[in-house]
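Top line first, the protein sequences correspond to chains A and B. Residue numbers 209 to 323, in the working numbering, belong to the letters of the first sequence in order. Residue numbers 520 to 632, in the working numbering, belong to the letters of the second sequence in order.
Rather than coming from a laboratory, the hints here were simulated on the basis of the structure. Please read all numbers here as calculations on a predicted model, not as lab measurements. Careful, some of the hints might be misleading.
[Stated by the list, open to error] In silico EDC-like links for lysine to aspartate or glutamate, alpha-carbon gap of 20 Å or less:
hint	chain 1	residue 1	chain 2	residue 2
1	A	K265	A	D304
2	B	K536	B	E579
3	B	K522	A	D248
4	B	K522	B	E571
5	A	K217	B	D558
6	A	K217	A	E283
[To be verified] Counterexamples of contact, computed for chain A against chain B with all Cβ distances above 12 Å:
hint	residue
7	P216
8	K217
9	A222
10	G224
11	V240
12	E270
13	R271
14	F272
15	Q275
16	E283
17	L289
18	E290
19	L291
20	G292
21	G307
Don't be surprised by glycine CBs; every beta carbon is placed ideally from N, CA and C.
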Amino acid sequence: DSGVTQTPKHLITATGQRVTLRCSPRSGDLSVYWYQQSLDQGLQFLIQYYNGEERAKGNILERFSAQQFPDLHSELNLSSLELGDSALYFCASSVDQGGTGNTIYFGEGSWLTVV
Amino acid sequence: SQKIEQNSEALNIQEGKTATLTCNYTNYSPAYLQWYRQDPGRGPVFLLLIRENEKEKRKERLKVTFDTTLKQSLFHITASQPADSATYLCALAPYNQGGKLIFGQGTELSVKP
Numbered sequence: 209d210s211g212v213t214q215t216p217k218h219l220i221t222a223t224g225q226r227v228t229l230r231c232s233p234r235s236g237d238l239s240v241y242w243y244q245q246s247l248d249q250g251l252q253f254l255i256q257y258y259n260g261e262e263r264a265k266g267n268i269l270e271r272f273s274a275q276q277f278p279d280l281h282s283e284l285n286l287s288s289l290e291l292g293d294s295a296l297y298f299c300a301s302s303v304d305q306g307g308t309g310n311t312i313y314f315g316e317g318s319w320l321t322v323v
Numbered sequence: 520s521q522k523i524e525q526n527s528e529a530l531n532i533q534e535g536k537t538a539t540l541t542c543n544y545t546n547y548s549p550a551y552l553q554w555y556r557q558d559p560g561r562g563p564v565f566l567l568l569i570r571e572n573e574k575e576k577r578k579e580r581l582k583v584t585f586d587t588t589l590k591q592s593l594f595h596i597t598a599s600q601p602a603d604s605a606t607y608l609c610a611l612a613p614y615n616q617g618g619k620l621i622f623g624q625g626t627e628l629s630v631k632p
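Chain B with its partners taken away, still in its complex shape (with noise of 0.2 Å):
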């Protein structure tokens, strides 16, 4: 069956150091994987996005890479700050499905200052 998988535990860091979120799937051939940030009680806001034939993105502190071999891709948030405390969400687009998002159950991250 079709899974998309994150950490299911919660991340805490401390600030200043990086932050690496995983997702992980099975039994998909995405056309992309977006990465969304969800506060408690607030609607998901959309942070990257990268192509199945990209291998890394960037923008500003973020990072994502894709590896479609592996089935995975990473997420990083580097010098993180106390701000960046949130649940972070990985989606994936499947092919000719207009654009339904299959969404992980996403990752709670705490940064301690």
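Looking at chain A on its own, in the form it has when it is part of the complex (with noise of 0.2 Å):
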């Protein structure tokens, strides 16, 4: 168990609507960073946050946008939903702004099916 923790673990959803992903750092972690894992694109970065703040910025849709909120867990909004948005969504923290190394810790990840 990383102590990362994400919710829903599956969902399941109609094209055209929006869903949002929740995560909880771990205790004492700072930085919440939002990837997304599908078949044919492996294991992409979205976006991270720390403590409050975007800190870096990868291929994220405009559709999707994301926030981390004063207790520090974090949301990922996605939104006008489409088939390829499905995929496993994984949240991951680390205890600093990165880049220096320190351990990013994933969760389970929360599974999106588009129908």
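From the two separate chains plus the hints, produce the assembled complex.
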């Protein structure tokens, strides 16, 4: 158990809908990361927040947005869902703002299926 | 363009042998490189980190090498066991991009008894 908690574990929704994925980082960790893993694209970095502020951004679609709240939990919002958004979404956390080599701990992921 | 490539084929080896996995990259100058293990349907688990100024790191049965001239990292598991069967991912950390990691596609390792 990494200590990173993600909910929901599984989610099935229709095209055009909007979903919110939630992440609680490890106790004491200030950074939260979101990754998308699909069969054809592998594990892709979406975005990082550090202590409530956006720290780094990947190829995150405009239909996707994220935030980190004062209690350090994070939410990833996915809207106008398309079939191609079906993937495993991982949250990860680390103690610092990253780039130092400190371990990044991954949660167990949220499986999103868009039908 | 920037690329990270791992052994595209699955790797099948016999228990007790050494597994060697390859990670090649182009057009990156990473600050460090990490190796992760991922089991089906689970999150990646960190194994080892090696920095750009290091040639080799070891941890128990694991060894990683890093050649910034060849732009290649090798990951070795010695005395492999069936429990080592999993997908192994390499990940690069670019400079000045926070904690962003760029992952390879992974290599699936199967260790047969």
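Taking the hints in turn, this is what the structure says about them:
1. K265(A) with D304(A): 16 Å, holds
2. K536(B) with E579(B): 15 Å, holds
3. K522(B) with D248(A): 15 Å, holds
4. K522(B) with E571(B): 17 Å, holds
5. K217(A) with D558(B): 16 Å, holds
6. K217(A) with E283(A): 14 Å, holds
7. P216: 15 Å, holds
8. K217: 10 Å, violated
9. A222: 23 Å, holds
10. G224: 27 Å, holds
11. V240: 10 Å, violated
12. E270: 19 Å, holds
13. R271: Per Cβ check, R271(A) is outside 12 Å of chain B; nearest 21 Å; holds.
14. F272: 16 Å, holds
15. Q275: 16 Å, holds
16. E283: 18 Å, holds
17. L289: For L289(A), whose nearest Cβ neighbour in chain B is about 21 Å away, the distance exceeds 12 Å, so it holds.
18. E290: 23 Å, holds
19. L291: Label holds. Min Cβ-Cβ 21 Å, cutoff 12 Å.
20. G292: 18 Å, holds
21. G307: Nearest chain B Cβ is 6 Å from G307(A), so the label is violated.
Consistency note: the structure conflicts with the earlier hints numbered 8, 11, 21.
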